[in-house]
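Construct all of the structure, not just a fragment, from the sequences and the given hints.
There are 2 protein chains.
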Amino acid sequence: MRTVFYISDGTAITAEILGHAVLSQFDTPFDQITIPFVESVERAREVAEEINSHQSEENLPLVFHSIVDENIREIIAQSNCLAHDFLNTFVAPLEKQLGIKAEPTLHRTHGIANKAYSARIDAINYSLDNDDGITLKNLDDAEIILVGVSRCGKTPSSLYLAMQFGIATANYPFICQDMDALKLPQELKKHKHKIFGLTIDPHRLHDIRSQRRANSQYSSLRQCRLEVKEVEMLYRKERIPYIDTTKYSVEEITAKILDITGHKRTMF
Amino acid sequence: MRTVFYISDGTAITAEILGHAVLSQFDTPFDQITIPFVESVERAREVAEEINSHQSEENLPLVFHSIVDENIREIIAQSNCLAHDFLNTFVAPLEKQLGIKAEPTLHRTHGIANKAYSARIDAINYSLDNDDGITLKNLDDAEIILVGVSRCGKTPSSLYLAMQFGIATANYPFICQDMDALKLPQELKKHKHKIFGLTIDPHRLHDIRSQRRANSQYSSLRQCRLEVKEVEMLYRKERIPYIDTTKYSVEEITAKILDITGHKRTMF
Numbered sequence: 205m206r207t208v209f210y211i212s213d214g215t216a217i218t219a220e221i222l223g224h225a226v227l228s229q230f231d232t233p234f235d236q237i238t239i240p241f242v243e244s245v246e247r248a249r250e251v252a253e254e255i256n257s258h259q260s261e262e263n264l265p266l267v268f269h270s271i272v273d274e275n276i277r278e279i280i281a282q283s284n285c286l287a288h289d290f291l292n293t294f295v296a297p298l299e300k301q302l303g304i305k306a307e308p309t310l311h312r313t314h315g316i317a318n319k320a321y322s323a324r325i326d327a328i329n330y331s332l333d334n335d336d337g338i339t340l341k342n343l344d345d346a347e348i349i350l351v352g353v354s355r356c357g358k359t360p361s362s363l364y365l366a367m368q369f370g371i372a373t374a375n376y377p378f379i380c381q382d383m384d385a386l387k388l389p390q391e392l393k394k395h396k397h398k399i400f401g402l403t404i405d406p407h408r409l410h411d412i413r414s415q416r417r418a419n420s421q422y423s424s425l426r427q428c429r430l431e432v433k434e435v436e437m438l439y440r441k442e443r444i445p446y447i448d449t450t451k452y453s454v455e456e457i458t459a460k461i462l463d464i465t466g467h468k469r470t471m472f
Numbered sequence: 205m206r207t208v209f210y211i212s213d214g215t216a217i218t219a220e221i222l223g224h225a226v227l228s229q230f231d232t233p234f235d236q237i238t239i240p241f242v243e244s245v246e247r248a249r250e251v252a253e254e255i256n257s258h259q260s261e262e263n264l265p266l267v268f269h270s271i272v273d274e275n276i277r278e279i280i281a282q283s284n285c286l287a288h289d290f291l292n293t294f295v296a297p298l299e300k301q302l303g304i305k306a307e308p309t310l311h312r313t314h315g316i317a318n319k320a321y322s323a324r325i326d327a328i329n330y331s332l333d334n335d336d337g338i339t340l341k342n343l344d345d346a347e348i349i350l351v352g353v354s355r356c357g358k359t360p361s362s363l364y365l366a367m368q369f370g371i372a373t374a375n376y377p378f379i380c381q382d383m384d385a386l387k388l389p390q391e392l393k394k395h396k397h398k399i400f401g402l403t404i405d406p407h408r409l410h411d412i413r414s415q416r417r418a419n420s421q422y423s424s425l426r427q428c429r430l431e432v433k434e435v436e437m438l439y440r441k442e443r444i445p446y447i448d449t450t451k452y453s454v455e456e457i458t459a460k461i462l463d464i465t466g467h468k469r470t471m472f
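Going down the list, the protein sequences come from chains A and B. Those letters in the first sequence? Residues 205 to 472, per my numbering, in order. Those letters in the second sequence? Residues 205 to 472, per my numbering, in order.
Hints were generated in silico from the structure; no laboratory data involved. Note that the coordinates shown come from a computational prediction; the quantities given were computed from them, not determined experimentally. Be aware that one or more of the hints could be misleading.
All copies of an identical chain are treated as equivalent in the list; a pair is satisfied when it fits inside any one copy or across any two copies.
To be verified - DSBU-like cross-link-like pairs, simulated, lysine-lysine; straight-line CA separation at most 30 Å:
1) Lys451 <-> Lys319
2) Lys387 <-> Lys398
3) Lys300 <-> Lys398
4) Lys398 <-> Lys341
5) Lys451 <-> Lys305
6) Lys451 <-> Lys300
7) Lys300 <-> Lys387
8) Lys300 <-> Lys460
9) Lys319 <-> Lys441
10) Lys305 <-> Lys441
11) Lys300 <-> Lys433
12) Lys468 <-> Lys394
Set out below in structure tokens:
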């Protein structure tokens with residue numbers, strides 16, 4: 205199997221994401237190694253040796269790197285590998301297009317020194333404090349309120365909206381009383397414009413709930429079918445926008461929610 | 205201000221992260237617009253018109269795109285913009301290097317169809333269930349146990365380790381009794397090899413706690429100083445590896461923890 209290195213003088217998260225996006229277009233497995241924080245020439249030489257030790261007779265290792273420091277970048281690029289320089293490939297043309305020089309600054313990509321970062325941490329704390337209908341007191345501060353039946357994906361989606369996009373997200377699980385009356389609880393009604401519904405295929409819900417509480421009424425296919433049917437009726441009746449989470453990842457679910465609601469992402 | 209578009213036929217998360225990494229090397233502000241899920245030729249034409257409407261006399265908008273579909277990519281690339289194609293720039297050379305053709309598949313980057321995705325969702329659920337020392341029963345299943353004083357960054361770090369890297373992370377806040385005895389609780393001692401400590405500058409801790417409970421003993425600088433001093437003594441006495449979170453983002457903190465502990469990232 206071909207070895208792939210993701211290397212950076214920072215967290216290497218950018219190098220991993222780019223490398224993965226590119227390699228996912230090839231239907232073959234790779235042996236992946238990530239090496240972050242290559243911050244000195246000595247460390248770069250060690251890493252170059254590790255790269256060299258991974259060449260086989262037929263194959264050179266692939267290297268995806270995003271290295272700000274020029275000296276360190278040179279050492280990595282000159283190892284026995286097929287190097288893909290993510291930063292420089294795009295930075296040089298941009299210097300011309302923008303008419304300004306790049307100022308290579310380490311740790312600016314995933315650093316702490318900006319307002320958006322505090323907004324993201326605040327949003328994470330908000331989403332944790334307002335997970336699973338723990339309290340309905342703080343809904344004034346919510347940007348989005350996710351609703352749905354138990355285990356349809358509300359919590360991971362809330363946290364991802366907070367962590368990746370900086371959106372303060374509360375979530376509320378519908379319980380029997382809500383469904384019997386087929387209406388929104390009074391506290392939620394006041395914030396109806398912020399509400400977004402999730403639904404899920406009953407079979408998938410049955411599988412997920414069975415992992416938690418096997419052979420219970422809660423996890424029975426009959427119960428899952430009933431709850432999903434009722435919740436979708438409620439969404440239509442109240443004209444709540446909603447999506448089916450069954451076939452989507454949290455990245456896809458949350459990107460779709462923002463696309464539909466028109467919220468601006470605050471990533472950086 | 206120059207307008208930047210991040211465009212994709214998927215979530216556009218990759219385009220945003222890469223675009224941001226490149227632009228962070230330039231010390232100038234940008235007006236950023238993200239357009240995900242451009243999945244049809246009709247939608248692509250609408251987006252191309254929106255791009256065209258953002259050209260000013262001196263400036264063409266920048267476009268960073270990661271578009272799998274060839275027809276859609278063409279339409280975007282031919283709008284009046286300076287286009288940067290993340291995917292193709294690297295895919296074409298890789299086809300030669302690997303000796304195999306790329307098979308453009310949509311939604312493979314942030315899709316659900318892989319084991320690593322389930323591992324990440326399981327890790328998120330684990331980290332939520334084992335946040336803030338809620339229970340110490342499940343520590344057998346933890347890959348990492350973060351410890352530290354209240355509000356030093358344990359919860360966001362635990363969630364990020366789970367969400368981004370698929371690492372099941374519990375966290376435990378030291379309380380007065382632990383600190384008085386200056387030793388690890390018995391339940392944690394059994395799992396000492398998994399424990400990683402966080403510390404923080406007392407002034408920063410004072411600021412953070414004051415936002416929660418102003419003018420309390422809990423948030424007083426005196427109390428913060430005392431707790432931080434004691435927890436660092438405990439780390440040294442018990443030889444627990446630890447890092448200071450004061451100047452780092454969650455991305456940096458968690459990447460450092462994995463680098464020090466040697467845990468393998470499971471991103472995709």
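Evaluated hints:
When the C-alpha separation of lysine 451 and lysine 319 is checked against a cutoff of 30 Å, the pair qualifies only between copies, where the shortest distance is 14 Å, while the shortest distance within a copy is 34 Å. Taking the shortest alpha-carbon separations for lysine 387 and lysine 398, only the intra-copy value of 16 Å comes in at or below 30 Å, while the best inter-copy value is 47 Å. Taking identical chains as interchangeable, the C-alpha atoms of lysine 300 and lysine 398 are never at most 30 Å apart, the minima being 43 Å within one chain and 49 Å between chains. Taking the closest pair of Cα atoms, lysine 398 and lysine 341 come within 30 Å of each other only inside a single copy of the chain (15 Å); across copies the shortest separation is 37 Å, beyond that limit.
In the homo-oligomer, the alpha carbons of lysine 451 and lysine 305 lie at most 30 Å apart only across protomers (27 Å), although the nearest pairing inside one protomer, at 44 Å, exceeds that limit. In the homo-oligomer, the alpha carbons of lysine 451 and lysine 300 never lie at most 30 Å apart, since the shortest distance is 43 Å inside one protomer and 33 Å across protomers. Proximity of lysine 300 to lysine 387 under the C-alpha cut-off of 30 Å is found in neither arrangement, the shortest distances being 58 Å within a copy and 59 Å between copies. Taking CA atoms no more than 30 Å apart as the test, lysine 300 paired with lysine 460 passes in neither setting, with 35 Å inside one copy and 35 Å between copies.
Within a single copy, lysine 319 and lysine 441 get their C-alpha atoms no closer than 40 Å, and across copies no closer than 37 Å, so neither meets the 30 Å cut-off. In the homo-oligomer, the alpha carbons of lysine 305 and lysine 441 never lie at most 30 Å apart, since the shortest distance is 56 Å inside one protomer and 49 Å across protomers. In the homo-oligomer, the alpha carbons of lysine 300 and lysine 433 never lie at most 30 Å apart, since the shortest distance is 57 Å inside one protomer and 51 Å across protomers. In this assembly of identical chains, the alpha carbons of lysine 468 and lysine 394 lie at most 30 Å apart only when taken from the same copy (23 Å versus 46 Å across copies).
Checked against the numbered hints listed earlier, the structure breaks hints 3, 6, 7, 8, 9, 10 and 11; every other hint is satisfied.
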